[in-house]
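Q: Just so you know, the protein sequences line up as chains U and G, in that order.
Counting from 1 along the first sequence, just add 47 to a position and that's the residue number in my numbering.
Counting from 1 along the second sequence, just add 47 to a position and that's the residue number in my numbering.
Keep in mind the hints are simulated off the structure, nothing from the lab.
Treat the hints with caution; some may be incorrect.
Here are the computed distance ranges between Cβ atoms for each label pair [stated by the list, open to error]: (1) R135(G) / G107(U): 54 to 60 angstroms; (2) K149(G) / G107(U): 38 to 44 angstroms; (3) V72(G) / D80(U): 37 to 43 angstroms; (4) V108(G) / A162(U): 45 to 51 angstroms.
For each residue, glycine too, the CB sits at the ideal point set by N, CA and C.
There are 2 protein chains.
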Amino acid sequence: MKMFSDAAEYGMRAVVWLADHPGNVWTVREIADGTKSKAGYLIRVLQSLARAGIVSSQRGVGGGVSLEADPQHVTILDVLNAVDPMARIKTCPLGLKSHGTKLCSLHRRVDEAMAMIEAEFAKVTISALLKDSNPTYPLCESGDRLVRLGLKRVK
Amino acid sequence: MKMFSDAAEYGMRAVVWLADHPGNVWTVREIADGTKSKAGYLIRVLQSLARAGIVSSQRGVGGGVSLEADPQHVTILDVLNAVDPMARIKTCPLGLKSHGTKLCSLHRRVDEAMAMIEAEFAKVTISALLKDSNPTYPLCESGDRLVRLGLKRVK
Chain U
48 MKMFSDAAEY GMRAVVWLAD HPGNVWTVRE IADGTKSKAG YLIRVLQSLA
98 RAGIVSSQRG VGGGVSLEAD PQHVTILDVL NAVDPMARIK TCPLGLKSHG
148 TKLCSLHRRV DEAMAMIEAE FAKVTISALL KDSNPTYPLC ESGDRLVRLG
198 LKRVK
Chain G
48 MKMFSDAAEY GMRAVVWLAD HPGNVWTVRE IADGTKSKAG YLIRVLQSLA
98 RAGIVSSQRG VGGGVSLEAD PQHVTILDVL NAVDPMARIK TCPLGLKSHG
148 TKLCSLHRRV DEAMAMIEAE FAKVTISALL KDSNPTYPLC ESGDRLVRLG
198 LKRVK
C-alpha cells in the first residue's frame, strides 16, 4: 500500500516546485519536467489545486501556472485536501445497519490512523519542506540546486 | 485517499471473522458472505494470508479455510504485511541520482507517516479488536452477535 496516491504525489511535487520557483508563471510542460511528472495527469491535479486557490492558472498567450497561496501557510494536508483528501470512514464500510455511524473497533482504528496522518501533515508547511534540505533538496539534483543558487558554476 | 487498499480491507475482515468463528473450517463463500466481500477477490487475499501462515487452507472435500495463527499474537500490521505491505520509500521516487537513498524532506515526511502507521498497527492484535466491541461488534449486526452468544433468541 502506498501512503500517497499518484494525485497526492503529483500535487505535492507541483506545489513544492512552484514554491521553489517563485515570481514567474510556468507552463504545464515546464512543471512536468521539473517534477518528473506526466503532463497529461499533472494538468488535472493542477486544476484541483487551482480550484482550492493554492495555484493560479491563466489561459492563453503569456498564461501559465504559478503559486497563489503563501507557502508559509499551505500545509501538506492542504494539498492533499485539494487533490485527493483522506477518505475518512464515517459509516460502516460493510453497510451493517446496526453499525451505521458507530464504527466497530476495526474501522475505528483505521479511521484513527487517518486522523493521525492528517494531524501530522497539517503541521508541515511547504516552506518547512523547502527549508529542510537535509540531506537532499526536494525535487532537485543537489548539483542543480547549487547552480541555481549561484553557488556552483555550470560546466 | 484510502488508508487501506481493498486487499488490506478484505484481509482484515477475513482474519477478524475467522478469529470470531474458531474451531471450524469455512468455505470461501461462507467467509465472503460473513465479511460482505466478493469471493473472487477474497480468494486471492486468502492465498496471501495462507502463504504468511495466518490462515490455513485445505483443498478438496471437507477442506476449507481456518485461522492458523493465534489471534492474540497476530496484529493488524501482520495482516497488512501478508496481503499488501506499506510501500515504504527507500529511494527517491523521482529517480534523482544525487538523492538515491537520501530522501528529501517531502519523501522523508511521507515515509515517516507510513512508519507511524506501521507502529500503530503493530500494537493492535486481532483479539484486541474483538474484545473492544464498543460501540459495535466487528463485521456483525449487533442483534446477530447476541443471537450467536445465546443472549438473544432468534425470532
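Q: Does each hint fit the structure? Answer for all of them.
A: Tested hints:
1. R135(G) / G107(U): 54 to 60 angstroms: At 43 angstroms between Cβs, range violated.
2. K149(G) / G107(U): 38 to 44 angstroms: Holds: the Cβ-Cβ distance is about 41 angstroms, inside 38 to 44 angstroms.
3. V72(G) / D80(U): 37 to 43 angstroms: Hint violated: Cβ distance 57 angstroms, outside 37 to 43 angstroms.
4. V108(G) / A162(U): 45 to 51 angstroms: About 47 angstroms separates the Cβ atoms of V108(G) and A162(U), which means 45 to 51 angstroms holds.
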